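Those protein sequence lines, which keep their order, are chains A and Z. In this text, residue positions in the first sequence follow my numbering: the first is 5, and each later residue adds one. In this text, residue positions in the second sequence follow my numbering: the first is 270, and each later residue adds one.
One or more hints might be untrue.
As the list claims (entries may be wrong) - Under 8 Å between C-beta atoms, here's a sample of chain A residues computed to sit facing chain Z: (1) 18; (2) 22; (3) 23; (4) 30; (5) 248; (6) 249; (7) 275; (8) 280; (9) 284; (10) 286.
Hints in this document: simulated from the structure, not taken from any laboratory. Just so we're clear, the structure is a prediction, and the values are computed from it rather than from any experiment. The beta carbon of each residue, even a glycine, is placed where N, CA and C say it ideally should be.
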Amino acid sequence: MERWWIRPVVRLVLAVALPFLVPLLIAGMIWAMPGDPASNVCPDCSGEGMLQMIQDRNLDQGPLHFYTEWMSSMVSGDFGRSWSFQSGEEVSYLLKSGVGFTLKLFLLGALLILAGAFLTARGWIPRWLKSGIRLVGLLPGLVLSLAAIAVYTVYINPSAMETTWTQVAMGALILAIADAALSGTIDGVDEVIETEGRRRYVQIAILRGEGTLMNILPNTLPGLVGQVRARMLSLLSAAIIIEMILKINGVGELLVVGALKQDFPLVMACTFFYVVISSMMLLLQAVLEIGVALFIRKSPKGVG
Amino acid sequence: MSRRVALAIFLVGMAILVLPGFFAPEFLTAKDGSVQGAVGPFAAPPLGTDSFGRPLLDFVQQGSRIVAGPSLIAALIVMILGAFGGLLACTQSNRLSTAVQVIGEILGALPRLVVVIVVVRVLPEEWRGLMPIAIAWALLTAPGAMDEAASVASRLGGSRFVEAMRAHGFSRRRIYLVHILGYNLRPVLIRQAAETFAQVIFLEMALSYVSMMQTDISELTHGSQEEGWAGILYDGYSYLALNEPTGHSLLLGLALVALVLIVVRSVVYAGRAR
Numbered sequence: 005m006e007r008w009w010i011r012p013v014v015r016l017v018l019a020v021a022l023p024f025l026v027p028l029l030i031a032g033m034i035w036a037m038p039g040d041p042a043s044n045v046c047p048d049c050s051g052e053g054m055l056q057m058i059q060d061r062n063l064d065q066g067p068l069h070f071y072t073e074w075m076s077s078m079v080s081g082d083f084g085r086s087w088s089f090q091s092g093e094e095v096s097y098l099l100k101s102g103v104g105f106t107l108k109l110f111l112l113g114a115l116l117i118l119a120g121a122f123l124t125a126r127g128w129i130p131r132w133l134k135s136g137i138r139l140v141g142l143l144p145g146l147v148l149s150l151a152a153i154a155v156y157t158v159y160i161n162p163s164a165m166e167t168t169w170t171q172v173a174m175g176a177l178i179l180a181i182a183d184a185a186l187s188g189t190i191d192g193v194d195e196v197i198e199t200e201g202r203r204r205y206v207q208i209a210i211l212r213g214e215g216t217l218m219n220i221l222p223n224t225l226p227g228l229v230g231q232v233r234a235r236m237l238s239l240l241s242a243a244i245i246i247e248m249i250l251k252i253n254g255v256g257e258l259l260v261v262g263a264l265k266q267d268f269p270l271v272m273a274c275t276f277f278y279v280v281i282s283s284m285m286l287l288l289q290a291v292l293e294i295g296v297a298l299f300i301r302k303s304p305k306g307v308g
Numbered sequence: 270m271s272r273r274v275a276l277a278i279f280l281v282g283m284a285i286l287v288l289p290g291f292f293a294p295e296f297l298t299a300k301d302g303s304v305q306g307a308v309g310p311f312a313a314p315p316l317g318t319d320s321f322g323r324p325l326l327d328f329v330q331q332g333s334r335i336v337a338g339p340s341l342i343a344a345l346i347v348m349i350l351g352a353f354g355g356l357l358a359c360t361q362s363n364r365l366s367t368a369v370q371v372i373g374e375i376l377g378a379l380p381r382l383v384v385v386i387v388v389v390r391v392l393p394e395e396w397r398g399l400m401p402i403a404i405a406w407a408l409l410t411a412p413g414a415m416d417e418a419a420s421v422a423s424r425l426g427g428s429r430f431v432e433a434m435r436a437h438g439f440s441r442r443r444i445y446l447v448h449i450l451g452y453n454l455r456p457v458l459i460r461q462a463a464e465t466f467a468q469v470i471f472l473e474m475a476l477s478y479v480s481m482m483q484t485d486i487s488e489l490t491h492g493s494q495e496e497g498w499a500g501i502l503y504d505g506y507s508y509l510a511l512n513e514p515t516g517h518s519l520l521l522g523l524a525l526v527a528l529v530l531i532v533v534r535s536v537v538y539a540g541r542a543r
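Using the sequences provided together with the hints, build the complete structure.
Next comes the structure, spelled out in structure tokens:
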């Protein structure tokens, strides 16, 4: 028996550790920058103001102190205050305004990808449609986003500053289609089903009048889930660019602007948000893999 | 289409993408406020000008200089690490394999663009540019490439394949370099490298575009005196949204995107298994 448990266990451990590790890494990076963090963050500060700023921002006792202070506040829902993006504003307030849009964008995009995987598995997507999706999927998200924002600006809502459902829906569609996200999922599912479908146990099941999908699912589920998770992770990255171009006021926009303005509490909070989503997907994959391995593959009634 | 034709298309495409970078001007012509609008390629050959009277050829050349090196290095990193992952699956080094799996899982679990943005921001000013972004992107992409290469090698038989070939009298070097890398892993490695090449170019365009949209922040991928291919698209966008005479910029930007895609598809086709 191969050591099947290594990957699921690593995923489980990572899923728990990542939300704590990544902020620590960022804190370490702030101190790894050349020069001291305080002058990097506020080059024009000096004297009393500088000392006050250093203490207020927990920059006086090294990266570990900064990290532990941030973590202990974060646990109580306080992500600190913005340093430069909207100086003094609570990061949790900024984050709250963006999380909804990012989650809608990501979940809608993910839903389209999952629907694509399901329909492919059932064999319900015609070949011509697959070719069409493949063709559009060649285009990068940037190009499709530019086309979408142009259409939106000219024909739909040229003056609105607030993010609308139309923007989110457009973004989700681009997220799913661009950069071969959907076509890659369809091809991946097709390949897995075709390869597994050729195996003898599936052929025998078909002769017995059983369906292909239900027979191959226990064996292919971990692989399929792994594929889908990788796609979802790519969606998270792509969503940042799409948010910026389609002017969706989400976490991605906060992250980019926060990073460019060296607003580290904002960067840490946004990164934490992305890492938590990634961890949840890791956890789901690990639990599924372990479940399949323990309860299906080893069960006397199971496959394999 | 034969593989030779695909290879020829790839080489010509790469030449068009990479060579202009060697002739790129050090700085872009300053914006001319008196210019009334963009001029098309017939009035200002060979590619026309942007809305500020700057030749688009300069944009193409500078963009080429910005993306060529980093995207090729990123592709090379993914190819080398992918090859390592594939070859590792053909050895019996379980501990190393487990360690690589763990590292791969850690890197693969991080949202790439988030890491790239954070990494780039904390780098010292003089190190900033597309190269660190490309290297970070390649390192985060590599676990996927290594996984796929390892899965191909495992389907081949892994260490049993090597033993069988040894029994036929082939040397280890020939088995690893020719049979495993050359005949079996080549399509996967070329595809992964080509995709990374395109991803880095599109990432540069996207990040530059985003920087241009935010007027109060500095460029992430290149110096402030340079303009990449995103500048062409940015100019061309005015044609779509504001109906300004910059349609030629839009077409040129899209042509560059198409060229990158053609280069990727042709090299993948040329490198496919027989």
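Contradicted hints - numbers only: 3, 8 and 9
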